[in-house]
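K.L.:
Chain by chain, the residues:
2 protein chains.
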Amino acid sequence: MTPEEFRRAGHELIDFIADHLDTSAGADGAPNERSVSRRPVQPTVAPGDVRAALPEHPPTERETFDAVMADVERVIVPGITNWQHPGWFAYFPANVSYPSILGELLSAGLGVQGMSWVTSPACTEVETLMLDWMQELLGLPESFRSTSDTGGGVIQGSASEATLVAILSARHRATNGAVNAGGDTTGLVAYATSQSHSSIEKGLRIAGIGTDRMRTVPHDEQFAMRPDALREMIAADLAAGLVPFFVNANHGSTSSMAFDPSAEIGTICREHGIWFHVDGAMAGIAALVPEYRWVNSGIELADSYCTNPHKWMGVNFDCTTYWTGDRASLLGALSILPDYLRSAAAESGAVIDYRDWQIPLGRRFRALKLWFTIRMDGVDAFRERIRRDVQLTQSLATAARADHRFEVVAPHPLNLLCLAARAGNETTDALIERANASGTALFTRTVLDGRSVLRISIGSHTTRSEHVDAAWELLQRSV
Amino acid sequence: MTPEEFRRAGHELIDFIADHLDTSAGADGAPNERSVSRRPVQPTVAPGDVRAALPEHPPTERETFDAVMADVERVIVPGITNWQHPGWFAYFPANVSYPSILGELLSAGLGVQGMSWVTSPACTEVETLMLDWMQELLGLPESFRSTSDTGGGVIQGSASEATLVAILSARHRATNGAVNAGGDTTGLVAYATSQSHSSIEKGLRIAGIGTDRMRTVPHDEQFAMRPDALREMIAADLAAGLVPFFVNANHGSTSSMAFDPSAEIGTICREHGIWFHVDGAMAGIAALVPEYRWVNSGIELADSYCTNPHKWMGVNFDCTTYWTGDRASLLGALSILPDYLRSAAAESGAVIDYRDWQIPLGRRFRALKLWFTIRMDGVDAFRERIRRDVQLTQSLATAARADHRFEVVAPHPLNLLCLAARAGNETTDALIERANASGTALFTRTVLDGRSVLRISIGSHTTRSEHVDAAWELLQRSV
Chain A
1 MTPEEFRRAG HELIDFIADH LDTSAGADGA PNERSVSRRP VQPTVAPGDV
51 RAALPEHPPT ERETFDAVMA DVERVIVPGI TNWQHPGWFA YFPANVSYPS
101 ILGELLSAGL GVQGMSWVTS PACTEVETLM LDWMQELLGL PESFRSTSDT
151 GGGVIQGSAS EATLVAILSA RHRATNGAVN AGGDTTGLVA YATSQSHSSI
201 EKGLRIAGIG TDRMRTVPHD EQFAMRPDAL REMIAADLAA GLVPFFVNAN
251 HGSTSSMAFD PSAEIGTICR EHGIWFHVDG AMAGIAALVP EYRWVNSGIE
301 LADSYCTNPH KWMGVNFDCT TYWTGDRASL LGALSILPDY LRSAAAESGA
351 VIDYRDWQIP LGRRFRALKL WFTIRMDGVD AFRERIRRDV QLTQSLATAA
401 RADHRFEVVA PHPLNLLCLA ARAGNETTDA LIERANASGT ALFTRTVLDG
451 RSVLRISIGS HTTRSEHVDA AWELLQRSV
Chain B
1001 MTPEEFRRAG HELIDFIADH LDTSAGADGA PNERSVSRRP VQPTVAPGDV
1051 RAALPEHPPT ERETFDAVMA DVERVIVPGI TNWQHPGWFA YFPANVSYPS
1101 ILGELLSAGL GVQGMSWVTS PACTEVETLM LDWMQELLGL PESFRSTSDT
1151 GGGVIQGSAS EATLVAILSA RHRATNGAVN AGGDTTGLVA YATSQSHSSI
1201 EKGLRIAGIG TDRMRTVPHD EQFAMRPDAL REMIAADLAA GLVPFFVNAN
1251 HGSTSSMAFD PSAEIGTICR EHGIWFHVDG AMAGIAALVP EYRWVNSGIE
1301 LADSYCTNPH KWMGVNFDCT TYWTGDRASL LGALSILPDY LRSAAAESGA
1351 VIDYRDWQIP LGRRFRALKL WFTIRMDGVD AFRERIRRDV QLTQSLATAA
1401 RADHRFEVVA PHPLNLLCLA ARAGNETTDA LIERANASGT ALFTRTVLDG
1451 RSVLRISIGS HTTRSEHVDA AWELLQRSV
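Just so you know, the protein sequences line up as chains A and B, in that order. Quick note: the first sequence uses this note's numbering, first residue 1, plus one each step. Quick note: the second sequence uses this note's numbering, first residue 1001, plus one each step.
Incorrect hints may have been included.
A few chain A residues facing chain B, derived, Cβ under 8 Å [unchecked claim]:
hint	residue
1	Ile14
2	Ile206
3	Asp377
Residues from chain A shown here face chain B by an in silico Cβ test under 10 Å; the list is partial [what the hints assert, rightly or not]:
hint	residue
4	Ser120
5	Val179
6	Val289
7	Glu291
8	Leu341
9	Val479
If you're looking for bench data, these hints aren't it; they were derived computationally from the structure. The model shown is predicted, which means the values in this text are computed figures rather than measured ones. Every residue, glycine too, gets a C-beta built ideally from N, C-alpha and C.
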């Protein structure tokens, strides 16, 4: 491909994306023909359909951009689940803001590696600055700032990786680093509720802890951890000669947006020197709004914390912001310095080498998309959208409470509403299946204490009140 | 940012990238003013300079694209190390092809999640197809194809993650899955040479194996593993009641492009049921060229293998292709299924859920950039570039051998030449420092058996013979 071919193709692709994401009504009252809103939310393809529509073997001759884009329109677009659709109420909001697309594009175009400061200084320094900006915007503890004595932040690829990094840091601290050489995790015990994200269990398994030493702390009727139960479990494990080393608290759980009481949990962890990780993957972004800053309650006691700008803040995946107040344990767990990566800058201690803050070695210039989004969308726009989404959720909850066929089964302080059909699990499951088959909206199912639950997550950039109204009518028709 | 603002900004950014990457001479005989080739390869910034040039606090008002781009030109571009520069001889080639930039852009624009088949079927199925295309293009074993009984492939974010996934699969198989619950890795022992990538040690540490149980297998004078030594070490460990579980072989080591003898290593592993991983991160891509397909020699005995299209193939980072012949062990190690991720498609067994093939949960539509690059650049272009890079390296080796001040210190079958100054380590180190300070070329230093070594890695898309000639003159002047 020549530079001129790239220029032409790039302009066309930008226009394609602009059309795809634009759900506004044109002169004829309808969105443009390529708009995501004219698609079903969930594609109608069966397993194997996409592959069968493409050549089984690679081409021997080069092809044109036009030929590839024809296949994008023929096969790819009809084969994706539309996370950017106004009828998106599934999983979590995973918006792509226009500025973040530009930031990702620039990152791809510059093609630099940020594994060490010296491999691209701006990649490291802009990232550090963005984490400090986010600390400020979210009102996080000063001990998380890169300018603090012991803390700092980093962009991880996902909250799962952030969780694993937290577990490894905790494992390092609990063993005084002995685990690096000996690999011995005997007796280490971790604590979380059943509402915690699957990445906690996955991370513990990866780290060689094993699920036998993962305690499921009971939760209350709001799906929040019971600190009294945590305290008892820790005492029992200590009495048995075990080593409590890691507690996870959810600030907005995946299934139902439950908040664990971190002020109490953190106090217990401090008493026993246990690493305290707070998972605010989805809800933590709400702290951009002054009146929702309560989502951070108790976080000043945490050793580590993460939240995802790639969820509610509109930065395209992947962009998890992770902070720790104990970077020495993090570096102890993850730094390795072969000769081919040595540099004078790193050895002077004057710079950060982010490869030592993460699982992989290589890393993209992901800070650009955060920088672009904060500057070009602006903090006011984030606040406006978050307030709107919360407001829409509260209105929907009011409507649901007025319909005797539905029950609101969990607190809904932010943008997630959990409903069940009063008629029972079979009705709820059938309702979800029917509603999703409509193609106009998509919901996910979860289970809360054995009960089938419909999750309604509101937060797609393109979702307006009329889409929520239509979704509610769909649910009422489908129950 | 409005759709129209995005359109205008996107076109400008595409033009900016086209200019940045275009190193061809214009009408006046020089590259365009924004060309990467007019920049020093390594920026002249000191630690803290980039951050100091940007506001310490986030903006309270939204800013324009023009304001951001002014900062990109003022701060970012002068602050990056230019991996796309024609004078790039450092680390490894990390090219960004034009089609791969477009693929990354489309992935960002569509904004879908590929964690499960159902969260975006095309994201999964195109990826599976691309891994099968690559299996075919690289001449890899049929047992790695997704259509085989027991194997399959996946895109990982980096070779480090691929290595960790291999270690976890091996750990699972060696313990019959008991590690998931018990976390007990007692007695497990891994083997690799000192030339192996740092990700082997990092992965073993993460997996709770510990470096005490990582054996450094002696290498021969060509930095290749000695199979006789491996056999002896395994026998000694077995006699001591330990459990050999993982062997890593380098197909093109990081420091010197050494190739371990996998046919012999693999045979030993088979005898003992040890997981055999082959790391072809950099060199494996050479198998695109029929006459270099020897880089895969012995790979048919491997349980897992990875190579990086984001190195020598021009697909922008991140894109590591990973295959295993034993997907049951991989899934046993990494699959977890919470209620909110269940789907009928997955439970029927008809689809792949790639979240269970990797460390994170979330994943981007990275297959697009591989698909775009294979189709729009074309296989012939890859072959032409790889042949050119190898030819340039061999010519440079001939020139170096004719200069008595230099010594070629390792075999150079592909695109990496390792030189040392005959005058000793101090001279070599000073040479590297002086040459890099020129700004016209960048090299990295490594250590081979205690000797300081200058690595010359040839493979930037923009590097032509005149750049290699100029680099050689620079080295001759700097020694």
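K.L.:
Each of the hints needs a verdict: does it hold here or not?
P.N.:
Here is what the structure says about each hint:
| no. | hint | in the structure |
| --- | --- | --- |
| 1 | Ile14 | holds, 3 Å |
| 2 | Ile206 | holds, 6 Å |
| 3 | Asp377 | holds, 6 Å |
| 4 | Ser120 | holds, 5 Å |
| 5 | Val179 | holds, 7 Å |
| 6 | Val289 | violated, 14 Å |
| 7 | Glu291 | violated, 18 Å |
| 8 | Leu341 | holds, 7 Å |
| 9 | Val479 | violated, 20 Å |
Hint violations for this structure: numbers 6, 7, 9, all remaining hints satisfied.
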